[in-house]
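Number of protein chains: 2
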Amino acid sequence: MRDFTFFNPTRIEFGKGKEANIGQYIKEFGVNSVLILYGSDRVKRNGLFSRVATSLEEQGITFAELGGVISNPLISRVRDAITVSKEKGLQGIVAVGGGSVLDSAKAVAAGTKYDGDVWDFFVGKAVVEAAIPVFSVMTLAATGSEMNPYGVVTNDETQQKYSIGSPLLFPKVSVINPELMATVTPEYLAYSAVDIYSHCLDLYFTASFLPEFTAELIENILKTVMRTTGMLLDNPDDYDARGEFAWAATMALNGNTFAGVEGNTYDTHMIEHAMGALYNVPHGAGLAVVLPAWMTSIKDHLPKRFERFAKKTLGVTGADVGIAKLTEWFVSIGAPVTFAQAGLSNDAVDPIVENAFGNAKLWGMEQMYPKERIAEILKLAVK
Amino acid sequence: MRDFTFFNPTRIEFGKGKEANIGQYIKEFGVNSVLILYGSDRVKRNGLFSRVATSLEEQGITFAELGGVISNPLISRVRDAITVSKEKGLQGIVAVGGGSVLDSAKAVAAGTKYDGDVWDFFVGKAVVEAAIPVFSVMTLAATGSEMNPYGVVTNDETQQKYSIGSPLLFPKVSVINPELMATVTPEYLAYSAVDIYSHCLDLYFTASFLPEFTAELIENILKTVMRTTGMLLDNPDDYDARGEFAWAATMALNGNTFAGVEGNTYDTHMIEHAMGALYNVPHGAGLAVVLPAWMTSIKDHLPKRFERFAKKTLGVTGADVGIAKLTEWFVSIGAPVTFAQAGLSNDAVDPIVENAFGNAKLWGMEQMYPKERIAEILKLAVK
Chain U
728 MRDFTFFNPT
738 RIEFGKGKEA
748 NIGQYIKEFG
758 VNSVLILYGS
768 DRVKRNGLFS
778 RVATSLEEQG
788 ITFAELGGVI
798 SNPLISRVRD
808 AITVSKEKGL
818 QGIVAVGGGS
828 VLDSAKAVAA
838 GTKYDGDVWD
848 FFVGKAVVEA
858 AIPVFSVMTL
868 AATGSEMNPY
878 GVVTNDETQQ
888 KYSIGSPLLF
898 PKVSVINPEL
908 MATVTPEYLA
918 YSAVDIYSHC
928 LDLYFTASFL
938 PEFTAELIEN
948 ILKTVMRTTG
958 MLLDNPDDYD
968 ARGEFAWAAT
978 MALNGNTFAG
988 VEGNTYDTHM
998 IEHAMGALYN
1008 VPHGAGLAVV
1018 LPAWMTSIKD
1028 HLPKRFERFA
1038 KKTLGVTGAD
1048 VGIAKLTEWF
1058 VSIGAPVTFA
1068 QAGLSNDAVD
1078 PIVENAFGNA
1088 KLWGMEQMYP
1098 KERIAEILKL
1108 AVK
Chain F
728 MRDFTFFNPT
738 RIEFGKGKEA
748 NIGQYIKEFG
758 VNSVLILYGS
768 DRVKRNGLFS
778 RVATSLEEQG
788 ITFAELGGVI
798 SNPLISRVRD
808 AITVSKEKGL
818 QGIVAVGGGS
828 VLDSAKAVAA
838 GTKYDGDVWD
848 FFVGKAVVEA
858 AIPVFSVMTL
868 AATGSEMNPY
878 GVVTNDETQQ
888 KYSIGSPLLF
898 PKVSVINPEL
908 MATVTPEYLA
918 YSAVDIYSHC
928 LDLYFTASFL
938 PEFTAELIEN
948 ILKTVMRTTG
958 MLLDNPDDYD
968 ARGEFAWAAT
978 MALNGNTFAG
988 VEGNTYDTHM
998 IEHAMGALYN
1008 VPHGAGLAVV
1018 LPAWMTSIKD
1028 HLPKRFERFA
1038 KKTLGVTGAD
1048 VGIAKLTEWF
1058 VSIGAPVTFA
1068 QAGLSNDAVD
1078 PIVENAFGNA
1088 KLWGMEQMYP
1098 KERIAEILKL
1108 AVK
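Order-wise, the sequence lines are chains U and F.
Each residue of the first sequence is one higher than the last, beginning at 728 in our numbering.
Each residue of the second sequence is one higher than the last, beginning at 728 in our numbering.
Everything labelled a hint here was simulated from the structure, so no lab data went into it.
Treat the numbers as computed from the prediction; the structure is a model and nothing was measured.
A couple of the hints might just be wrong.
Stretches of chain U that chain F covers, calculated by requiring three or more beta carbons in the stretch to come under 8 angstroms of a beta carbon on chain F [claimed, not checked]: (1) 739–747; (2) 875–885; (3) 936–946; (4) 1080–1094.
Glycine is no exception: its CB is placed at the ideal position from the N, C-alpha and C atoms.
Take these sequences, add in the hints, and give me the full structure.
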């Protein structure tokens, strides 16, 4: 076991109808005015927005609202929201949506308490020293943002998909009601499953030390995601499967999988962020392309761990068979595993390499990932 | 998945030498004076106390000290500590020891901010509304107290072993340094293993709904404890095994095993607390006596879960074989599984039944556990 700090103060309110209590949860923190941030108008049409608004009104919490956050959320929209938040002197922010909305909300929370440009936090020019409290009502399970202090946002001018992080950005309370997630399309369910896989496998295959307990926890998350994805594609109204899927997503990135681990890095995310930044590929789709290629590129360095992965999570023998089986599963649930399937031309390889290498430099991974290596990995996904 | 709230704000500082930073951790909370609570003089002789004291002094934190907390800790000692804490107007408390010391510290934290008698919190006469901040440096892994808001203390006058609980009693920071645990006797290592098993199995075998993910998490904890106990009995200096054992203990009672679960109760603890209160049986020893008997008494009501337990955690088939195998393992690590082995005469059954029924009433379990049923279970352990 390597030394670690575990700290996660987010309160999760998990269950049916809990969004109707969001006003009460917010009031407990002495917050009297909030910005409701959301994505498409779907949350207005299906009544969720009005349930949240009613709950706030019942507690005497005033609110402003701003929609239009897109997948691969943009820093321009974050800046719009900061302007609203500052002008009205709002005391908190509620994200109603998926990971993109919540990630944006975290940036807004920090930006509201900062005089400079919020992008400074993403490029390491400033450290978050204050933030208004963040709350969330989740409509999609994938990113784990509901119980962690990170947010990923794309700068549409510089084509950089970068991240912000601070203990101040843990959501105070996140509502996870699996019923709100039942209308996700099969396509986005598949992308979500791959995103969770990637959070787990980036760690599982990069850790230089991985305690047995933590390895089993990760395998448990993977098996849960594979099992429940199948159940949900068969029956989108399976509440228990939806709930287990959502909780697995949360557990995959709330700190538990880091316990006692040494040396883990976010390799597939480093590469995928380039695809999202340049071509607006859905995050999970980009990861589905990168993950099997990346695994193929490293398998010979970690024969035991790949052997274990194949056996424990897929019931097969051997690294190659394991990777093939995982790839087959991605295909079977509708996730793209090649550039073409993800709608990318082969000419995209070089720009992605350039952009990803920028991420590698920012994350201190440029020694490990020179451009040649990134190119080799991507070429495995060009078929 | 059933509705649940997950909230656990305790920060864990896990690793070698982290006790030397305890003053810094405490200072972060603006605490300038503390009570150091401990058990035997061992922590003075082995230098741990002085490392903690030095760390406090370096941060300008003044302290008073009180030792003498025993296993099955007594409310009389808690009252002594509250007197010291109130007289000196101390702002926080640091437990240096195992679960008994930390459980006592939690009661002291609440009692310091309360005008009445601290026992009121244990019998439901008062609710904790304020507490001084609690910190811990753990020397034993077993109870999970380092990352939960509960404490169990025995009233030596009334012979009641009861509990206190409040979100205000989560430790702010707990230091888990596996090296500090390396000198535990084989006997207490076995008791600790059984305590962790009991925290898991009380839930596993009483939950009316147990999500697959949560069931696997519990099985992972059990397998980790069994594996690392064996490794530690062979080699007490195995740091990684010690670390995994400690983290499994924490994970067994920090809220993660409750996720999505319905209807769980603390059946073996309800019975064992009577043994501790009346005969000062070490907690883990009492549990080792009760657990196999209790499992035998309920196995026919839960054939599938017992089948699963046997297969997944012990690699055997059938409930009876599973219980026999677990019992054998308890014996093999030196835990008592009969009244005689625990130093109890058969005449102890009736008083234990009476006392345990008092616990059942306090916990609202008297319908499920009439005296006859408690007696039947205990008689399975009288051989």
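- chain F covers the region 739–747 of chain U, three or more CB atoms within 8 angstroms, holds or violated: holds (count 6)
Mind taking a look at whether chain F covers the region 875–885 of chain U? Criterion is 3 or more residues with CB to CB distance under 8 angstroms. violated (count 0)
Between the region 1080–1094 of chain U and chain F, see if three or more residues pass the 8 angstroms beta-carbon test, and mark the coverage as holds or violated. Since 0 is below three, the answer is violated.
_Just to make sure I understand the rule, a stretch counts as covered if three or more of its residues have a C-beta closer than 8 angstroms to a C-beta of the chain. Does the region 936–946 of chain U meet that for chain F?_
With 5 residues in contact (Cβ-Cβ under 8 angstroms with chain F), the coverage given for the region 936–946 of chain U holds.
In summary, the structure is inconsistent with hints 2, 4 from the numbered list given earlier, while agreeing with the others.
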